[in-house]
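Student: Model the full structure from these sequences, guided by the hints.
Those protein sequences? They're chains E and S, same order as listed.
Start counting the first sequence at 1; every next residue gets the next number (this note's numbering).
Start counting the second sequence at 1; every next residue gets the next number (this note's numbering).
These are computed hints drawn from the structure, not numbers from a lab.
A hint or two may mislead.
Ranges of calculated distance between the beta carbons of each label pair, as one might list FRET restraints [to be verified]: (1) Asp196(E) <-> Gly177(S): 38 to 44 Å; (2) Asp190(S) <-> Gly212(E): 35 to 41 Å; (3) Gln215(S) <-> Gly249(E): 40 to 46 Å; (4) Asp534(E) <-> Thr127(S): 32 to 38 Å; (5) Glu23(S) <-> Gly249(E): 38 to 44 Å.
Simulated pairs of lysine to aspartate or glutamate, EDC-like, Cα-Cα distance not exceeding 16 Å [to be verified]: (6) Lys259(E) <-> Glu140(E); (7) Lys308(E) <-> Asp165(S); (8) Lys487(E) <-> Glu458(E); (9) Lys13(S) <-> Glu75(S); (10) Lys85(S) <-> Glu503(E); (11) Lys346(E) <-> Glu132(E); (12) Lys487(E) <-> Asp451(E); (13) Lys216(S) <-> Asp141(S); (14) Lys402(E) <-> Asp420(E); (15) Lys84(E) <-> Glu136(E); (16) Lys65(S) <-> Glu503(E); (17) Lys85(S) <-> Glu500(E); (18) Lys308(E) <-> Asp187(S); (19) Lys84(E) <-> Asp124(E); (20) Lys308(E) <-> Glu166(S); (21) Lys13(S) <-> Glu79(S); (22) Lys112(E) <-> Glu100(E).
The beta carbon of each residue, even a glycine, is placed where N, CA and C say it ideally should be.
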Amino acid sequence: MMMHDRLEEMALIEEQSRTQFTQQVRVCVAAGCLSSQSDVVKETLEKEVARNGLERACQVKGVGCMGLCAEGPLVSVTTNGEAKSRQVMYRHVTPADAPELAEALVAKKTVKRLQMPEKMPFFDRQVKIVLENSGEIDPERIEEYIAAEGYQGLLTAVTEMTPTEVIDEIVRSGLRGRGGGGYPTGLKWITVAKMDGPVKYVICNADEGDPGAFMDRSVLESDPHRVLEGMAIAGYAVGATEGYIYVRGEYPLAVERLKLAIRQANRLGVLGSKVCGTTFDFNVQIRLGAGAFVCGEETALIASVEGKRGAPRPRPPYPAEYGLWGKPTLINNVETFANVPAILRKGGAWYAAIGTEKSKGTKVFALAGSIQNTGLIEVPMGMTLREIIFDIGGGVPDGQCKAVQTGGPSGGCIPAEFFDTAVDYESLRELGSIMGSGGMIIMDESASMVDVARYFMEFCMTESCGKCVPCRVGTVHMYNLLDRIYKGQGRPRDLAMLEELCEVVRETSLCGLGQTAPNPVLSTLRYFRHEYTDLLAPEAGNGAAPAAKSPAAERPLEAKS
Amino acid sequence: MKRSSQSRIKTLKIDGIDVAAREHETILKLAQENGIFIPTLCHIEGLSEYGGCRLCLIEVKGSSKLLPACMTYAEEGMEVTTNSKRLRQYRYTVLDMLFSERNHVCSVCVSNGHCELQYLAARTGMTHVEVPYLNPNVPVDASHPYFIMDHNRCILCQRCVRVCDEIEWASTKGVMGRGVDSRIIHDLNDAWGDSLTCTSCGKCVNVCPTGALVQKGKSAGEMEKRRDWLPYLRLMHEE
Chain E
1 MMMHDRLEEM
11 ALIEEQSRTQ
21 FTQQVRVCVA
31 AGCLSSQSDV
41 VKETLEKEVA
51 RNGLERACQV
61 KGVGCMGLCA
71 EGPLVSVTTN
81 GEAKSRQVMY
91 RHVTPADAPE
101 LAEALVAKKT
111 VKRLQMPEKM
121 PFFDRQVKIV
131 LENSGEIDPE
141 RIEEYIAAEG
151 YQGLLTAVTE
161 MTPTEVIDEI
171 VRSGLRGRGG
181 GGYPTGLKWI
191 TVAKMDGPVK
201 YVICNADEGD
211 PGAFMDRSVL
221 ESDPHRVLEG
231 MAIAGYAVGA
241 TEGYIYVRGE
251 YPLAVERLKL
261 AIRQANRLGV
271 LGSKVCGTTF
281 DFNVQIRLGA
291 GAFVCGEETA
301 LIASVEGKRG
311 APRPRPPYPA
321 EYGLWGKPTL
331 INNVETFANV
341 PAILRKGGAW
351 YAAIGTEKSK
361 GTKVFALAGS
371 IQNTGLIEVP
381 MGMTLREIIF
391 DIGGGVPDGQ
401 CKAVQTGGPS
411 GGCIPAEFFD
421 TAVDYESLRE
431 LGSIMGSGGM
441 IIMDESASMV
451 DVARYFMEFC
461 MTESCGKCVP
471 CRVGTVHMYN
481 LLDRIYKGQG
491 RPRDLAMLEE
501 LCEVVRETSL
511 CGLGQTAPNP
521 VLSTLRYFRH
531 EYTDLLAPEA
541 GNGAAPAAKS
551 PAAERPLEAK
561 S
Chain S
1 MKRSSQSRIK
11 TLKIDGIDVA
21 AREHETILKL
31 AQENGIFIPT
41 LCHIEGLSEY
51 GGCRLCLIEV
61 KGSSKLLPAC
71 MTYAEEGMEV
81 TTNSKRLRQY
91 RYTVLDMLFS
101 ERNHVCSVCV
111 SNGHCELQYL
121 AARTGMTHVE
131 VPYLNPNVPV
141 DASHPYFIMD
151 HNRCILCQRC
161 VRVCDEIEWA
171 STKGVMGRGV
181 DSRIIHDLND
191 AWGDSLTCTS
201 CGKCVNVCPT
211 GALVQKGKSA
221 GEMEKRRDWL
231 PYLRLMHEE
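Tutor: Below you can see the structure in the form of structure tokens.
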């Protein structure tokens, strides 16, 4: 096999060039650390290393996200021949620290001032599949991805397996959609594979938009080839030759790295025409979103790729049957595709051994809000919220944890008394929230749940596309009611109307955005109803404050009166 | 029209009545054929379906979600409910929301008495609007020599956008903004009178269910609209 030899040779050369150095210095250059000048840190470190005459002994390279974004910019140092667990990690590294770090490298010592503790549950408790290369390899070099067994899964799939066998492997793995819905990935692939027709499409949904979530961005910035490989495997399995990645326009770095990755993969022949020397063609193109959250909904995303206004349409027919330009289309999320290469390489049974009975594998979460270790983590399904928030996340800095919000604007708030729940798709749904794409916002005692609900409702209101009436108008009314209640001007009948509107909007909206928009309200009402009732003013007529808002007050002033 | 003897007939139940449907027939059409009333606003015979007004939602046995009758196709053995207490309540609230969204003042509207929104409100027994009015400040575009676009009456059903695109093939009308700020626009948000693509055919005015698109020179209650031509034009296009 030509491609097999080629990949092996590339991996060997890469390994040789790596072992020429005795030490590896990795600087995180993903968006989080870049925003605190990690690119300057990297440059100065390179200069300092050269100034100390270490350029042949010590390799400085930019890598993807290491996860602990709160402590960035992060730098890790490993010595060849030593175990990965012996690596030294530095936090809050500034360009001014570079000379000291370089001197420490010469003396083979560590800089205690910047060093992180050796044993950190944040790193020890994680199981990395999707993020296995993040923070390890240079995302801008395909050679490093290949040295980390990259494109092996694709090579095995296209040269040794039939499409049906590939799908069987995915079914065996029990992988479920990581975009939030949790639909079995294998089943989706089977449906698209069974559709007739020579033209089919694969779309990667990278229109990540939940407030506080940045899993997809990190994967694309840290390991773009992984997603491309997953898409190509999917294309082979379902019989598609064209792939689109729909990335939100707010992720310029991810787009840049993806473009570079596609160019590199095409040149190497693992993408494009005649993938790995077989008769299978697979071309990937990038489409940019323009800032609409609703375009993460699959039918709206397809409309947007087609160049139309990003508005959803009723399903059925589902995209698997009638998708992009009316052709059968497979749409999966970034994280779903990123799981695929590992499954093909290590087998579905290996993947299915991780996680719970119904939710297999791992899940990437973005920890945000009142938490010590803000950042990106990957944990096996079935880990409890308590372990995630307190062991890995380090808990709330000075304060009590009140609740955690999962699933973004479609999710809900889970109060602290349920923190011993094992996280999987079903358990979170039972608690009135959802897994979602993986955003976790931790709230301390100072958070007002009415305000939280109001915030998410405002988000849904401004992101509603305006196609269907309940979502377009209902979210405005719900926001206005929440705003009134939060400001202490609400009355019991306002709360009653809010609940009624929640039901109507949930049941009658066209797409997931509207159907799930009431979730933050419903879940906070379920667990924190007293926070709403405490804010209510008595009904008018009981000597209460005057009516808060009359329609006339909002009318524009007339010129003549 | 060709009637294939092989076309499969589906039998199903709508509100307990046994009905027979052709293949690819929507529940809405089937209901209308059988004299069952389902309220609609964005649907109009002769244009593509939109599924945005959510008034034609129906319950289908075995489906946890409500489905729009205009875009749900008849299937063998289906059991459909078009008029339950729950559906009536939802429809009432959706109409409520429509009335509260813009400034619908029937008494001075040129479409008074010929308005589909008004008709549905009367038919559902609406006596007042429960949710607070939003009272937005929206403009009126009277720059066109023959027609007026009054955004105060617009319900964003997009019939005008579809007829302009699908029948007249001019695509003058479009939508800008999102959510409650969505507006029907002409070309690239130009004044209607300045539009270089508008053919002044008036089809948009005639398909508009409310008084949002009207002829100039009409007084309150005088604006009657004609739509009988639409299915024929659609047929001509198809042939």
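Student: Against each hint, give a clear statement of whether it holds in the structure.
Tutor: Evaluated hints:
no. : hint                                : verdict
1   : Asp196(E) <-> Gly177(S): 38 to 44 Å : holds, 40 Å
2   : Asp190(S) <-> Gly212(E): 35 to 41 Å : holds, 40 Å
3   : Gln215(S) <-> Gly249(E): 40 to 46 Å : holds, 42 Å
4   : Asp534(E) <-> Thr127(S): 32 to 38 Å : holds, 34 Å
5   : Glu23(S) <-> Gly249(E): 38 to 44 Å  : holds, 43 Å
6   : Lys259(E) <-> Glu140(E)             : holds, 10 Å
7   : Lys308(E) <-> Asp165(S)             : holds, 13 Å
8   : Lys487(E) <-> Glu458(E)             : holds, 15 Å
9   : Lys13(S) <-> Glu75(S)               : holds, 10 Å
10  : Lys85(S) <-> Glu503(E)              : holds, 14 Å
11  : Lys346(E) <-> Glu132(E)             : holds, 13 Å
12  : Lys487(E) <-> Asp451(E)             : holds, 10 Å
13  : Lys216(S) <-> Asp141(S)             : holds, 11 Å
14  : Lys402(E) <-> Asp420(E)             : holds, 14 Å
15  : Lys84(E) <-> Glu136(E)              : holds, 10 Å
16  : Lys65(S) <-> Glu503(E)              : holds, 13 Å
17  : Lys85(S) <-> Glu500(E)              : holds, 14 Å
18  : Lys308(E) <-> Asp187(S)             : holds, 15 Å
19  : Lys84(E) <-> Asp124(E)              : holds, 12 Å
20  : Lys308(E) <-> Glu166(S)             : holds, 15 Å
21  : Lys13(S) <-> Glu79(S)               : holds, 5 Å
22  : Lys112(E) <-> Glu100(E)             : holds, 11 Å
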